[in-house]
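S.K.: The residues making up each chain are set out below.
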Amino acid sequence: MANSNNNRRKFMATTLQSVGLTALGGLLWSGYSDEVKASPLILRPPGAIKEEDFLSACIKCGLCAEACQNRDTNIDRLTGKAKQGTLKMAKGGDHKLIGTPFFTPTEVPCYMCEDIPCVPVCPSEALDMKSLLDKKGALDINKARMGLAVVHKESCIAYWGIQCDACYRACPLLGEALTIEMQRNGRTGKHSFMLPIVHDSACTGCGLCEKACVTEKPAIFVLPNNVAKGKAGDHYIKGWDKKDDKRVENAKAEETTTELSKKGDAGDYLNDIGDLY
Amino acid sequence: MKNIKYLLLRRVTQITILVLYFGANAYGWKMLSGTFGSSLLFGFIPLADPYTTIQVLATGFILGADVLLGALIITLFYMIVGGRAFCSWVCPINMVTDLANWLRRKLKLDKEEVNYRFLKRNTRYWIMVLGIIVSAIVGIAAFEVLSPITIMQRGIIFGFGAGISVIFAIFLFDIFGVRNGWCGHLCPLGAAYSLIGKTSLIRVNHDHEACTNCMKCKVVCPENHVLHMINKKSIMVLDGECSNCGRCIDVCDDDALEFGIRSYIKKSKK
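Chains U and X supply the protein sequences, listed in that same order. Read in order, the letters of the first sequence correspond to residues 1 to 277 in our numbering. Read in order, the letters of the second sequence correspond to residues 1 to 270 in our numbering.
Just so you know, these hints were derived from the structure itself, not from any lab. Built from N, CA and C at the ideal position, the CB exists for glycine as well. Accuracy of the hints is not assured; some may be wrong.
What the hints assert, rightly or not - Partner residues aside, some chain U positions facing chain X, computed with beta carbon under 8 Å: (1) T22; (2) A57; (3) Q69.
As the list claims (entries may be wrong) - Simulated restraints on C-beta separations: (4) X:H208 / U:N7: 27 to 35 Å; (5) X:L119 / U:K135: 58 to 66 Å; (6) X:G43 / U:L27: 41 to 49 Å; (7) X:E258 / U:T106: 54 to 62 Å.
What the hints assert, rightly or not - Subject to a maximum C-alpha distance of 25 Å in a straight line, what follows is the list of computed DSS-like cross-link-like pairs (lysine-lysine): (8) X:K30 / U:K81; (9) U:K136 / U:K153; (10) U:K238 / U:K217; (11) U:K143 / U:K243; (12) X:K106 / X:K5; (13) U:K10 / X:K120; (14) X:K5 / X:K216; (15) U:K83 / X:K30; (16) X:K106 / X:K216; (17) U:K242 / U:K130; (18) U:K153 / U:K135; (19) X:K216 / U:K91.
The shape of chain U in the complex, shown without the other chains (with noise of 0.2 Å):
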């Protein structure tokens, strides 16, 4: 009797030890797993869905990489050799989920072939073809949004009157996705500033004028869509126009109550401050 006794308790004491290991371990596990996916500022290859269900969705099998690095347009015209492709695997020491696909615009940026070969070859629908059809049902590569383009006019050498355009002339949808705007100078009061300015209606994000910039740090570089991007919300409509309107229905109320107000007369507040020095 004593020993069905010992080995029931042995039997309770190795199982809440399973147990508790486990738990463990998933506590860790879980820890660690959700600080190795924040990398927010990392741009994706084309037609990747939002951010967060592609760090679920990708399965780091890497074909993506491999058609980009084995593109037909990749080969060297001098040496007849490929270059380097434009989709690197994230890995150790990168500080980005290990396996996923990324590209950064001032190594090798997006050159946006109208064939798209890294995204037909996702097997897990991480990167979504479909997103990228144009109405005919054709791959359109610039219906992609891999990020948006942004300028810091501070160190962006045309704001200071010099000119240069070389973002602009490296633009594949230029005259859509970057114009140049002209405005007067006023300190010469003879020259124009010639300003780039980015369209996110159309830029795709593939980084050209980020490589192309000529300053010692780029002063036109592409952000991630949901970094570079504002929201204006629903309270804030554009009245002149129809469809715009009508999204002020999606707007909820919120109404707030500050301490001050519970207090009871609002008048008396100025009162009640106490000793004003």
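Following the hints, put chain X in place on chain U, whose structure we already have.
M.R.: Just chain X, lined up with the frame of chain U:
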């Protein structure tokens, strides 16, 4: 030559597979492209890692049909043919842990009892289940963020970076920590393949009449509990944890071990 036949065959297979994957990226070969997560054989047959697939599904993302079909093909292959052969015939980490194990034997670390027995062999199944749970909680394939297997494979194809330290850690753990620590105790992928491969047809067969009880097979076997029948019964090694590496066959001087095909029909007659 006889006593390294399967060892050589395994190394040739492992290295050929890695070379094909490497060439797919470096030279645009179409034989075998991608990585273990998901691959394309001959440019059109999809292959996918079943355990990775389950982790991604656990995050709630509905995977593309190519991955699902690929995972099914791989599962059926190991279930029907190969057993746990992925671990010893394909996985690149196997070369690291085999080296660690060989050094361990040469340095006689086991005889000096440099073996911490705080780990049990079934720990891997706990980790396997935990990996799926953590994937569901965190929303990313949890084992893939630290899997030395794919880190090593991607390292060979795309460049290692700091990932090499993970491989080195496994090596150190296996040589100075637990004997067969990674592959035999911790690896959840090995656990998954142990379960998948349980029913496979290719099995090591033991002939107990020929056995002289030298126990060389048990020394070399990375999962030596599967060889419980040595010099006792003439039966097949049916434990799913046997990775069909064939080292026991190599080292056997008495022809008491050989690969065979499991027959389900004969079994039911008995």
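S.K.: If a hint holds in the structure, say so; if it does not, say that too.
M.R.: Verification of the hints:
1. T22: Holds. Min distance 5 Å.
2. A57: Where the cut-off is 8 Å and the nearest Cβ of chain X is about 5 Å from U:A57, the hint holds.
3. Q69: Status holds, d = 6 Å.
4. X:H208 / U:N7: 27 to 35 Å: 34 Å, holds
5. X:L119 / U:K135: 58 to 66 Å: 59 Å, holds
6. X:G43 / U:L27: 41 to 49 Å: 43 Å, holds
7. X:E258 / U:T106: 54 to 62 Å: Holds: the Cβ-Cβ distance is about 59 Å, inside 54 to 62 Å.
8. X:K30 / U:K81: 18 Å, holds
9. U:K136 / U:K153: The hint is violated at about 39 Å.
10. U:K238 / U:K217: The hint is violated at about 37 Å.
11. U:K143 / U:K243: 23 Å, holds
12. X:K106 / X:K5: Satisfied, since the Cα-Cα distance of roughly 21 Å is no more than 25 Å.
13. U:K10 / X:K120: Answer holds: U:K10 to X:K120 is near 16 Å, not above 25 Å.
14. X:K5 / X:K216: Within the cut-off at roughly 16 Å; holds.
15. U:K83 / X:K30: 19 Å, holds
16. X:K106 / X:K216: Holds, at roughly 14 Å.
17. U:K242 / U:K130: 29 Å, violated
18. U:K153 / U:K135: Not OK: U:K153 and U:K135 at ~37 Å, beyond 25 Å, violated.
19. X:K216 / U:K91: Given pair X:K216, U:K91 is violated - Cα atoms ~41 Å apart, limit 25 Å.
Going down the numbered hints, you'll see the structure goes against 9, 10, 17, 18 and 19, while the others check out.
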